[in-house]
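**Q** With chain A fixed as given, assemble chain B onto it according to the hints.
Chains A and B are the protein sequences, given in the same order.
Its first residue numbered 37, the first sequence is counted upward by one per residue in this note's numbering.
Its first residue numbered 188, the second sequence is counted upward by one per residue in this note's numbering.
Treat the hints as calculated values from the structure; they're not laboratory data.
Pairs of lysine-lysine, DSSO-like flavour, derived with a Cα cap of 27 Å:
| # | chain 1 | residue 1 | chain 2 | residue 2 |
| --- | --- | --- | --- | --- |
| 1 | A | 315 | A | 330 |
| 2 | B | 224 | A | 291 |
| 3 | A | 305 | B | 392 |
| 4 | B | 222 | B | 363 |
| 5 | B | 221 | A | 291 |
| 6 | B | 390 | A | 305 |
| 7 | A | 291 | B | 390 |
| 8 | A | 176 | A | 153 |
| 9 | A | 315 | A | 305 |
| 10 | A | 291 | B | 392 |
| 11 | A | 291 | B | 222 |
As the structure is a prediction and not an experimental result, all values here were calculated from the model.
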Amino acid sequence: MSTPLIETRHLKKYFSTPAGPLHAVDDVSISIQRGQTLGVVGESGCGKSTMGRTILRLIEATDGEVLYNGENILKYNRRQMQEMRKKMQIIFQDPYSSLNPRMSVADIIAEPMKVCKTLPDNKQIYARVNELMEIVGLAKRFVNAYPHELDGGRRQRIGIARALALNPEFIVCDEPVSALDVSIQAQILNLLMDLQDNMGLTYMFVTHDLSVVKHISNEIAVMYLGQCVEKAPADELFRDPLHPYTQALLSAVPKPSLRDRSALQNVIKGEVSNPVNPKPGCRFAPRCAHACEKCTCQDLELKECGPNHFVACALVNQDKI
Amino acid sequence: MDERNVLEIRDLHVIYETDQDTVYAVNGVNLTVKKGKTLGLVGETGAGKTTTALSIMRLLPKKIGHIKSGEIQLDGRNVMELTEGDMRLIRGDTVSMIFQDPMTSLNPVITVGKQIRESLELHKHGRSEKEIDARVDEMLEMVGIPASRKNDYPHQFSGGMKQRVVIALALACEPKLILADEPTTALDVTIQAQVLQMMNELKVKLNTAMILITHDLGVVAQTCDDVAIMYAGEIIESGTAEDIYEAERHHPYTIGLFGSIPDMDSKAKRLNPIPGLMPDPTNLPAGCPFAPRCPRCMDICREKKPETTRFGTHEIKCHLFAGEEKGSAPE
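Isolated chain A, as found in the complex (with noise of 0.2 Å):
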């Protein structure tokens, strides 16, 4: 297999809190291969936007290796990480919160292109930015609208193009749909697939919602307190999921039928632990309806239990639950 685009090693970030480390994203392992989508599912609090952001170092990792075409850009220093940026970028979730409310169309779209003076001279940073536009699908009319003018789906939009402006290679998707209705979040969905193609790049697409996460993604990484508990490609996941956190995520989905309805019947109990000094062992443990004395006496990794499917669970490698 040739080098994967991203790859993190054991990667951690904990943050320091007045009751203890609180383990955020912890010892994360997972690759992205160029051209692909990693989707990365979890529900609030498992760590999966923490992750993206220290991916980028947008904020620093506590402990292991991100690499970037087989290179640790945590070594990196601050110039060489100005270089970096230009590949990498992110999509955030809330388009409401991310624009600047003072600045036109125009400028938040072309700032990326004046701060990393990619091009020479303003003509050519704005017609680039009528390009961008095009590309992302906002009329020409709008570029010197200010971002409380437009509505949710145009906003995201904005923030597509404002990531595209540098030519990234690689763009982290937090939850770029989540704020956005249905009917809008359809044509978003549609939009980023679409630049995928024709531009080659590589996502790693954080969400809550499984049903998106299936039609965007390549892979998908299954996220719980910190850990990754399973990861496996789309199809394969969805169709064969081993964990009890994956299984219980997806029948937790309600879905639009009637057939269904009795499917909420096995809802898991309980919440999300404390992520501050976890204790050892499996974090779903005490939330899983087939946990047993192995869950908790120690740390599980993922093993591989398919081709390219690995989960850590104590109990599937035994007898598939």
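**A** Here is chain B on its own, set in the frame of chain A:
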């Protein structure tokens, strides 16, 4: 008013008037909620779902929000004719509301027990102090929170627990109707499933009617008996859950809404969004409000508002079905 109904809305028009322009938020809505049944009110942001709910409670923002015309019959009384004093007796007692965001709908400086007590004290119905205390404990236990936590403040609870407190609050006086405004949108999927399951159980236990406002057709399928789909201030399709999810004829908007949900079972890569955006509510099109986005738009759609066509319980407001015979239920 029909004895079996707890709420009847006839031809409701609501506008928001500002200095610059007039927003036509609700345009001729007809709704009926049967006793003990749940109605799902579905639509995108700005469709007028919340405005409809606020009109029932008479809680529209003062000065700008006006009910222009229409009739709201709640449990046999015309809400429009009541004084503010009478309204205060009804709110929380006959009808109560669950808000979308549990983080902001609780008072952060009052313990949850006291907040539940508050509505019980306002609507006493001859309960003694002791009975009220017992009722607070009972309500908390009913939504799955140990009664020992009644002296805790909202910030000591997680999001899902807070929403349970809000539900306990809404149910405390055993209202005949609950307006639940996106009650699970702010919650994680596994917690959402827990809360929905609990609401389903409580609904049966207390025989309360509910209007569930949501944009999630999955949530509606799991909880509702009847469904009304709203677009640009109008109900464009309504009927029983079976009518909406399983019947053959549908409003093109309903079809678009279902098409744009990413389907977990399908193999298709691309989604089928509805092109364009919802019309500007200050400047609605003359004909059908969905006409500019409709894939099956005809000339008449741009000029004339469609009438409602009835197929038994199933009602569709679209010119496509105008010629078809009314009242014949295709079973």
